[in-house]
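*Asks:* Here's the letter readout for the chains.
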Amino acid sequence: MTQQDVTRLQGIFGRNPREPGSLIAVLQDIQREFHYLPREALSETAKALEVPLSKVYSAATFYSAFSLTPRGENIIRVCKGTACHIKGADLLLDQLESGLGIKPGETTPDLKYTIEVVNCVGACAMAPVMIVNAKYHGNVPCNRALRLVKKA
Amino acid sequence: MVHITINGKVIKATEGEMLLSVIRRHGIEIPALCHHEAIEPTGNCRLCMVEITREEWDGWKKHVTSCLYPVEEGLIVSTHTPDVIEIRKTILDLQLANCPDSEVIQKMAEEYGIYKTSYEVVPEGDNCIMCYACTRICEVLGRSAISAVGRGHRKEIAPPFGAEPPDCIGCLACAQICPTDVIPWTDRDNTRTIWDRKFELISCKECGRQTIAREFADYLIEKRNIPREYFEICDNCKRSELARKMGEIVARAQEVAI
Amino acid sequence: MRIDSVDKLNHWREKCLKKRAAQKRKVLVCLGPGCLASGSDEILGELKKILSEKKIKGVSVESIKKTGCHGLCARGPLVVIEPEGIFYSRVKKSNVAEIVETTLEKGELVEKLLYKDPSDEQTIVDYKKIPFYARQQRISLRNVGQIDPDDIDDYIASGGYSALARALNGMKPQEVIDEISRSGLRGRGGGGFPTGRKWATCAGIDSDIRYVLCNGDEGDPGAFMDRCIMEGDPHSVLEGMIICAYAVGSREGYIYVREEYPLAVVNLQKAIDAAHERGLLGENIMGSGFTYDARISRGGGAFVCGESSALMKSVAGEIGEPRAKYIRSVVRGLHDKPTVLNNVETFATVPVIINKGGDWFASIGTETSTGTKAFSLAGKVCNTGLIEVPMGISLREIIYDIGGGIPEGREFKAVQTGGPSGGCLPADKLNLPVDFDTLTEAGSMMGSGGMIVMDNRTCMVDVARYFLNFLVSESCGKCVPCREGLYQLHGLCVKICEGKAVEESLALMERLSKVIQTASLCGLGQSGPNPFVSTVSYFRDEYLAHIRDEKCPAGICRDLITYTINDKCTGCLACIEVCPVDAITGEKKIKHVLDQEKCTQCGSCYAVCKFEAVDIE
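Chains as they are written, first to last, in this note's numbering: chain A, 1 to 152; chain B, 153 to 410; chain C, 411 to 1027.
With the rest of the complex left out, here is chain A (with noise of 0.2 Å):
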């Protein structure tokens, strides 16, 4: 970790109170400002808010939300809901996964994409959905999906 690392960390255990309790929102605020968990920053966690490192690691695998490895710039969430599932998002997912030649949760060797597959992002009503970084795709054909992606 840099120094400048270091005291971004510092920032958000200073933003959290010094607390066990606030385990799952200091993670969250370390996976937003580093886009994943590193290693030494859950150690770091560990000691601040006095939580053992065990429970800090266990935290950081049970909930989707935090991802342990570096992910890419951009980042396409595929959305498997059950409307999308019906409606076709396993063949956006079969495109994505040719055209940039990576499965869900996987990040391109140039670490430009990540696709990740989530579970429902409260957008049924146009589904298949999908999201590239902040922005919502709706009713998303299979052969436009690819396109989507390189635009962003």
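If you are wondering where the hints come from, they were derived from the structure by calculation, not from laboratory data. Hints are supplied without guarantee of correctness; some may be wrong.
Using C-beta positions, here's what the derived DEER-type ranges look like [what the hints assert, rightly or not]:
id	chain 1	residue 1	chain 2	residue 2	range
1	B	I163	C	G614	56 to 62 Å
2	C	S617	A	T69	23 to 29 Å
3	C	P672	B	H232	41 to 47 Å
4	B	H178	C	P843	49 to 55 Å
5	A	K47	B	R340	58 to 64 Å
6	A	K47	C	G614	40 to 46 Å
7	B	I163	A	T69	40 to 46 Å
8	A	K151	B	E255	30 to 36 Å
9	B	L394	A	T69	56 to 62 Å
These stretches of chain A come out as covered by chain C in the derived footprint (C-beta under 8 Å, 3 or more residues) [as the list claims (entries may be wrong)]:
id	stretch
10	24-37
11	42-48
12	75-83
13	93-100
14	111-125
15	136-144
For each residue, glycine too, the CB sits at the ideal point set by N, CA and C.
Position chains B and C relative to chain A; hints supplied.
*Replies:* Then chains B and C, alone, in the frame of chain A:
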């Protein structure tokens, strides 16, 4: 004092007691894998389920884990109904698919008439039944060096990052409490290895036998106020020393008497 | 401005209403999840740009109101012009200038953007007359799509916080509980537990601390009612929580919002800050001496955290593993203190009940399921969107009269309610009245209100497989029946989808399901087998077709179908472009050829072909 009925017999029990201990105290066999006196019950294994009802429930009944259910006045408990047995059988059947090599599970399953699982054997199963006994005892000892990692069917018990656990003191409590004996450890050449971490073993000043891991001793010295000298001699030598001293006293007493 | 008395609230409301009346024209732009996915943010941007440049009498940038979900997502992006209620649908960025010129300047209609009824091609101008809206009755969604969620004064102008004022001044806590009990309100999160009874239990326990929590962890895939309320009318949730806190004697609480809803977090936080500033939340609310504060707790993305004990653990910073609830969480909840946990829709309903009375609410709906219920209508139905209807309405009315039926003239096959804990109901159940008890009796459940319509291109075995797969990964992994049982049930289901199962599997699966239902520790496991149990009971033939004939009648299960290209192929290249495994070859205007060896039966070619040239067998 409360009164409950177990399999038709009225029994007295102390308020706050859990059903499982009352049932077992009265000689009724109920299987359980995650239960241990040293740790708080969590109800992971579901084997100790029993059926409960009450007069006023009018025939309505429910199934509860007896390890977690406190006794209540007027409770009517049945420990071996067909539904309860079906639950235990299915759970053991599932566990057998999960850890086909575990002798403990095989034996328990056989007692319920299951010799081969009805399900597909889980690939990469490791005989761990996720009872959390190891993580719970580690927490009781104040270390929490290992924890449940991940979620759902991929969940496993592991140290942080799958690496040497920094908070482990090599006390072996996890390995010893494990009902299916799946936590490997070795003591070789003054070194104990568990969770891939190595610990120096203290040798007895008298006989040279290895006693406990140095980290464990340090922990007990610090947290439990036990004097350091206590760990320098092994229990065996302590006993022989005591016996020798006792012998001397007796001999002197006899001399005096003569 | 701090509101420190009821009089001040009334006075302030008058002021807000006056301000509102001065600005007659309003252009409502829907920023609900559906419209956002259709690009309504761009419409908003364009509208702001044009109106800031143009001078039109009575219209300015101030006339633009961004709202939460308006409802008819299928026709989004939606722009509604008040006071007439002119409903423009499927608005494109390029239409904005025309709307400004024609409607806002000249007062005329942009015909092509108006709603045309599919049945008779009649144009309907006022949205309230569109069948989709006309059949609804909105209570919990009363403000969603109508007000600006970021503007507390807009909420106050619409009668907001008047129920709180009424409760704090003139009602004893017990009277509030009695009113809620009288309304017959049952928890909208799925279980349907009587809200009044829950509050009464919590209030009756001797404790120094009590918590009031709001469950905004809308985890059921296919449900988005709570998202729309949190995003579109956050103050109604807060007001409901404060009223509850007053009734049970709580001073603090949390709103647990799922990670996947970032906008809900933002809007709720803005609402909390604004309510603080107005003196409607925090110390000495409205000068009454009563204090309650609510904070947001963000979820970490775990479905099981919708379960009360798991949610409370998550709020306390731990992993969301449920505990056995032989002592209910209303008695021993967050930090082991008595806790009321209700969901978003329940809290949003509370202020209306306090204002209009429990008897009024109880007069709507059925005897055991009173009031209205919000649903998110999705899947293979024309009018996908957000609706609220009186309890007791039939599934048919929802799907056909409000939902407009099944698109592309396909046949209705099933409707899924209750999410992963619910079930699928077939066509002969369409006349069932929608209420808590009827749906449960029929083998499904109300759940939180997701309603997904399926047509004959949906395979019910695949649907069961889908839900089981979801639950296997969302199970917390603590207890054996759920972790191992659902894993095996899913494995057996996959085998059926692959045509590799034997008929005996179904009996084994049914036996296993029963044990998972009785022996699991929490609701996730106990209801986990439901998607299988309901589909196998209503669609057994479809299961048998997979097992005996190794056929998937819906043409979905990849291992049991083959795709072929027929003579209708015009050689348009669309399927070649989309095939992820390059199994299709050919040239422009020449019939394409599909290599069965390479084909993975994904169906992408079928999905993109506009000439019905791809057959499924």
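*Asks:* Each hint needs a verdict: does it hold in this structure or not?
*Replies:* A quick look at each hint next to the structure:
no. : hint                        : in the structure
1   : B:I163 / C:G614: 56 to 62 Å : 32 Å, violated
2   : C:S617 / A:T69: 23 to 29 Å  : 44 Å, violated
3   : C:P672 / B:H232: 41 to 47 Å : 52 Å, violated
4   : B:H178 / C:P843: 49 to 55 Å : 50 Å, holds
5   : A:K47 / B:R340: 58 to 64 Å  : 33 Å, violated
6   : A:K47 / C:G614: 40 to 46 Å  : 43 Å, holds
7   : B:I163 / A:T69: 40 to 46 Å  : 56 Å, violated
8   : A:K151 / B:E255: 30 to 36 Å : 60 Å, violated
9   : B:L394 / A:T69: 56 to 62 Å  : 58 Å, holds
10  : 24-37                       : holds (count 4)
11  : 42-48                       : violated (count 0)
12  : 75-83                       : holds (count 4)
13  : 93-100                      : holds (count 5)
14  : 111-125                     : holds (count 8)
15  : 136-144                     : holds (count 7)
The structure fails to meet hints 1, 2, 3, 5, 7, 8, 11 from the earlier list, while all remaining hints are met.
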